[in-house]
Amino acid sequence: MQRISGSKSHSTSNSKNFKRSSAMSKTGRWLWFWVTMTGVAVLSATAGALLAYTMSTKPLMQSQLSPEEQAIFGTHGDRLTRAGFKLSELTRPVNILVLGVKVLTTDVNTPAAEIKKQGYHALVNSFDGLTDTILLLRFDPATKKIAALSIPRDTRTKIEGRGTAKINEANLVGGPAGSAKAISELLDGVPIDRYIRINVQGVEKLIDALGGVTVYVPKNMKYQDDSQHLYINLKAGKQHLDGNKTLQLLRYRHDENGDIGRIQRQQLVMRALTEQTLSPNTLTRMPQILSVIQSHLDTNLSMDELVALANFGVQTDRSNIQMLMLPGRFSGAREYRTSYWLPDSDRIAIMATQHFDAPVSESEPVNFDPARLRIAIANSTGSSRAARSLVKSLAGAGYRNVYITKSWSEEPLDTTRVVAQQGDTESASTIRDFLNVGEVRVESTGNLGSDVTIQLGKDWVEQQEQQEIRSEEPEARSE
Numbered sequence: 000m001q002r003i004s005g006s007k008s009h010s011t012s013n014s015k016n017f018k019r020s021s022a023m024s025k026t027g028r029w030l031w032f033w034v035t036m037t038g039v040a041v042l043s044a045t046a047g048a049l050l051a052y053t054m055s056t057k058p059l060m061q062s063q064l065s066p067e068e069q070a071i072f073g074t075h076g077d078r079l080t081r082a083g084f085k086l087s088e089l090t091r092p093v094n095i096l097v098l099g100v101k102v103l104t105t106d107v108n109t110p111a112a113e114i115k116k117q118g119y120h121a122l123v124n125s126f127d128g129l130t131d132t133i134l135l136l137r138f139d140p141a142t143k144k145i146a147a148l149s150i151p152r153d154t155r156t157k158i159e160g161r162g163t164a165k166i167n168e169a170n171l172v173g174g175p176a177g178s179a180k181a182i183s184e185l186l187d188g189v190p191i192d193r194y195i196r197i198n199v200q201g202v203e204k205l206i207d208a209l210g211g212v213t214v215y216v217p218k219n220m221k222y223q224d225d226s227q228h229l230y231i232n233l234k235a236g237k238q239h240l241d242g243n244k245t246l247q248l249l250r251y252r253h254d255e256n257g258d259i260g261r262i263q264r265q266q267l268v269m270r271a272l273t274e275q276t277l278s279p280n281t282l283t284r285m286p287q288i289l290s291v292i293q294s295h296l297d298t299n300l301s302m303d304e305l306v307a308l309a310n311f312g313v314q315t316d317r318s319n320i321q322m323l324m325l326p327g328r329f330s331g332a333r334e335y336r337t338s339y340w341l342p343d344s345d346r347i348a349i350m351a352t353q354h355f356d357a358p359v360s361e362s363e364p365v366n367f368d369p370a371r372l373r374i375a376i377a378n379s380t381g382s383s384r385a386a387r388s389l390v391k392s393l394a395g396a397g398y399r400n401v402y403i404t405k406s407w408s409e410e411p412l413d414t415t416r417v418v419a420q421q422g423d424t425e426s427a428s429t430i431r432d433f434l435n436v437g438e439v440r441v442e443s444t445g446n447l448g449s450d451v452t453i454q455l456g457k458d459w460v461e462q463q464e465q466q467e468i469r470s471e472e473p474e475a476r477s478e
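Residue numbers for the sequence shown, in numbering that gives the first Met the number 0: 0 to 478.
The hints are simulated quantities; they were obtained by calculation from the structure and are not laboratory data.
Even glycine gets a Cβ: it sits at the ideal position worked out from N, Cα and C.
Do not take every clue at face value.
To be verified - SDA-like mimics (lysine to any residue), calculated; alpha carbons at most 25 Å apart, straight line:
#, residue 1, residue 2
1, Lys-180, Asp-432
2, Lys-144, Arg-431
3, Lys-237, Lys-144
4, Lys-405, Gly-448
5, Lys-204, Leu-59
6, Lys-204, Lys-180
7, Lys-221, Asn-243
8, Lys-204, Asp-187
9, Lys-165, Leu-341
10, Lys-165, Gly-257
11, Lys-234, Asp-254
12, Lys-144, Asp-432
13, Lys-180, Leu-89
14, Lys-234, Lys-165
As the list claims (entries may be wrong) - Have a look at the derived ranges for each label pair, beta carbon to beta carbon:
#, residue 1, residue 2, range
15, Arg-78, Gly-331, 44 to 52 Å
16, Ala-141, Glu-438, 22 to 30 Å
17, Glu-425, Pro-358, 17 to 25 Å
18, Ser-470, Lys-157, 55 to 63 Å
19, Arg-317, Tyr-222, 25 to 33 Å
20, Gly-188, Gly-162, 42 to 50 Å
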């Protein structure tokens, strides 16, 4: 069984007076693209007319690609959008590779005297370094869905020019084209249409420009690294975070799941941003948002295409936003000299085909037997009886591999969440229909060792109580 995520939290505070950090953790993992796209989406939804003058078909690139590198993205006359009386719109499904890049002074041969003068490892405004965040996003106008796949930076794979290495080295070796090629091969040939590279300097400013985010901090988090001016100090509980505190939440990795746990927290922030950021108040923040995007973005998307993607995002229902993580496992202590996230090729094949329209594998598809489906129960209700009744009910329906994991760290949920941890929406939907309560979520915020995690809510308890009342009524009438 994999290590499990989350921890019990017992207190809530608004953490107003914590130290402000000016540098990033060397292994930070950031919410680069989603924050950026949310900002652009707000602009397109509330001020389309003011953006019309920027509808250029020229890529917003700050780097140069060779013809061979351009061909990897199929950008030769390859139109993704069409214009009309309204904002530009997508003409077909689009896969966008997002690379969050951070470069420190020690990474670019900064003179020792300059580093000593600064007193810490400062950030450099560059896109040419290791990637701390890797996301593949699919915008599909046919299904009206958005899929966001997080790829752990420590994923072990083959990189042209480097051999077998961690996937975060691909950008350092071969730039965006090298990353796109390595990731496409990792995902069974999924085509990649465009890329976005974002450096870290603008993330805090952009979140502030968007008005911050209200999110549930799952546990107390405290960490200090003076060499990088990294200071994390957050209290557990639901609270509104500004840019600095949001980055503290996303940077923290000192728990049992390390960077994988950080991906899970990243997805929590993603979900919160999509549910609260679109507001008329954002109209007044347009200049700041545009300034950050223009200063910290390298992409072969044109503004026309970028706005089309944002416009699609505005119109996408929350339930159609699917957040996935590359299937795999932590490497064992004796397997390699360094730690890796080892990809699960069978599960990747299923995910890539279902969510990214990868070419169908010649091998036989892998089907999950309900009796072997790994189902974790994270109980938010505080009622051990509720969790036991759920285990019993699932066992009666043929689900034998069911286990209770750590309690859900959030406040008691009103609605049960059936989380398709590995992207298996069919199994999650079948379980939800059997329970007759809750909602299906395609994201990776559940137990890492599960195929499906049930985050148990109060609706299940209420349903069980009603069933008990109905079962007792005949006895009362007979008396």
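TODO: Check each numbered hint from earlier against the structure, then list the numbers of those it violates in ascending order.
DONE: 1, 3, 6, 8, 14, 20
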